[in-house]
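**Student:** What follows is each chain in one-letter form.
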Amino acid sequence: MNLRLYRRRKAFNGFFLVLSVLAAGFGLIWLGFILGALFYNGFSSVSLKLFTEMTPAPGAEGGLLNAIAGSLVMSALAVAAGTPLGLLAGTYLAEYGRHTRLAFFVRFINDILLSAPSIVTGLFIYEIIVRSMGHFSAWAGAASLTVIVIPVVVRTTENMLLLVPNGLREAAAALGAPRSSVIRAVTWRAARAGIVTGVLLAIARISGETAPLLFTALNNQFWSTDLNAPIASLPYVIFQFAMSADEGWHKLAWAGALLVTMTVLSLSIVARILESSKRS
Amino acid sequence: MADIAVTEQMLASDRAQVVRGFGLRDARFRWLTAAAALLVVIIFAGVIASLIIGSMPSIKQFGFAFLYTEAWNPVTEKFGALAPIYGTIVTSTLAMIIAVPVGIGIAIFLTEICPRPLRRPIGIAIELLAGIPSIIYGIWGLFIFAPAFQSTLQPWLIKVFGDVAFLRDLFAGPPYGIGMFTASLIMSIMILPFISAVTRDVFETVPPMLKEAAYGLGCTTWEVMWRVVLPFARAGVVGGAMLALGRALGETMAVTFVIGNAHHIKESLFAPATTISATIANEFSEATTELYQSSVIELGLILFFITFVVLASAQLMLRALERRAGGVS
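Keeping their order, the protein sequence lines are chains A and B.
Under the working numbering, read the first sequence as residues -11 to 268, first letter to last.
Under the working numbering, read the second sequence as residues -14 to 314, first letter to last.
Keep in mind the hints are simulated off the structure, nothing from the lab.
These numbers were taken from a predicted model, which means no experiment stands behind them.
Mixed in with the good hints there might be a few duds.
Just so you have them, the derived chain A footprint on chain B, three or more residues with Cβ under 8 Å [stated by the list, open to error]:
| id | stretch |
| --- | --- |
| 1 | 23 to 29 |
| 2 | 200 to 207 |
| 3 | 257 to 266 |
Listing some non-contacts, in silico: residues in chain A with all C-beta distances to chain B over 12 Å [to be verified]:
| id | residue |
| --- | --- |
| 4 | Ser32 |
| 5 | Leu38 |
| 6 | Phe39 |
| 7 | Ala57 |
| 8 | Val142 |
Think of the CB as a built atom: it goes at the ideal place given N, C-alpha and C, for glycine as much as any other residue.
My request is simple: use the sequences and hints to build the entire structure.
**Tutor:** See the structure below:
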């Protein structure tokens, strides 16, 4: 036996395995750093004021109420519009169209939209809505978020419907139920937890989206519920405040960042739990 | 579903009517879902059409020269996309150079080394990195990472490579903290989870018999990974990497915070620069003239085109793989 070769192979093996452990450590350390920085800088600024006062002028004190409200309003509109559309499209892909050419094409386009740069979505909505309306508005912001919600819901809906065993569909069809009733009363119901997961993931995705709001919803320093007017949103306010030179604004930006991250992470953790409880 | 209950007293004609009703409703629902599916395609076509229409004035004015002109001057209205395109490609490439080996390393760790009970939690923790919004990376990069980088690693790199012929130019210049290198580092952290998740999934499709056979021949873990698992999973790893590249190319907010937004091409990776997406984010709302605005929209068109090509090839690769995996089992 060639001992030198054996030793060299062993050393190689050890070296690369250590490297891969370090790689995992590299990933985890950044997660720790980022969350640590968020808590360290954001926690001290979190107070009741955040939820009761408007965004301040530079140098003044204030909260993030109008930004939180704006984000909630636009996300709610986007989810309300995007969920039914995505659900229906996903249903077509998994049920009626499963092997058709149209479904193949739609699947392909949808997966591209899923990872396409979100800033381009903003330009698209600017061109079709803001330009024709002549001004920025909460509607335009919600529309650009809807464009982001749809592909997420389509993808998860299709995946979840495909997990429903065909025996269920066949049993319902054997009772004489038409295809549309089978889908609505049996497959949708069987895949409900999965579809809810998809919607949660979509909400998580849009709650931190900034780029598509830059030139659709813009920003508003004051309280606004007018959907035809520019509206504040949490990510936009974080962007504006962080880029400024004002110390007080920086603090609010950190507090906002902490809020957004906690929302997104808890949504994705809940979605994950729902998903795994479904699988087992 | 009371409406489906067909009683015996029903006449044949009634029954036929009910069945026709079913058929009608079924067809209507079918068309409704097909229309929703078509909407996805319409949105996609709408994005392309609106970008082309929006960039028409700039296309007419500059033609193909737009792609290779470096000048970007809103005052004299001379616009060229070379600097943003260069910045986008350099930052994404650098991010990939860091993230691909580390991502594969994480996948190897998760499938081979990690104790079983820890696999799920560590896998989830890595994937959480993908869930953190881009703006959070931006604010963290600007306030925490860039200053730390500026005072520690950056001066060290400048000093170490100061005497090496080629690298001296890449790592030259005063340590600003912000710049292309910082943007690439942050981007590599953001795309890491995409690579490691896809890689881990394809690693798990490798038939255990192949690995066992290699172990049986006396291979070390590393040899099994390098000579058996990776070649088997190559298409999937490349597909996952392309998916991550697509993300990196379009990454906006994190980059906007730390790249410095300077419209020029410098050799040094530490110099402030700009990318396509950062230029759009920074300048679109300030673009007051039609030509300025349309030049920014044309940047968007270029970005969409590049990401489309990258993402489409990633899709095709992963699809082909899926079909193969489906065929085997």
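**Student:** Take the hints in turn and mark each one as holding or not.
**Tutor:** Hint check results:
Coverage of the stretch 23 to 29 of chain B by chain A holds [criterion: at least 3 residues with CB-CB distance below 8 Å; count 6]. A stretch counts as covered by a chain when three or more of its residues have a beta carbon under 8 Å from one of that chain; for the stretch 200 to 207 of chain B and chain A the count is 3, and the coverage holds. Chain A is given as covering the stretch 257 to 266 of chain B, and this holds because 3 residues of the stretch bring a CB closer than 8 Å to a CB of that chain, at least three being needed. Every Cβ of chain B is farther than 12 Å from the Cβ of serine 32 (chain A); the closest lies at roughly 14 Å, confirming the non-interface assignment.
Against the 12 Å criterion, leucine 38 (chain A) stays outside the reach of chain B, whose nearest CB is about 16 Å from its own CB. Listed as a non-interface residue, phenylalanine 39 (chain A) keeps its Cβ farther than 12 Å from every Cβ of chain B; the least gap is roughly 20 Å. Remark: the non-interface label on alanine 57 (chain A) is consistent with the geometry, its nearest Cβ contact in chain B lying 18 Å away (cut-off 12 Å). With a least CB separation of 6 Å from chain B, valine 142 (chain A) falls inside the 12 Å interface cut-off, contrary to its annotation.
The structure fails to meet hint 8 from the earlier list, while all remaining hints are met.
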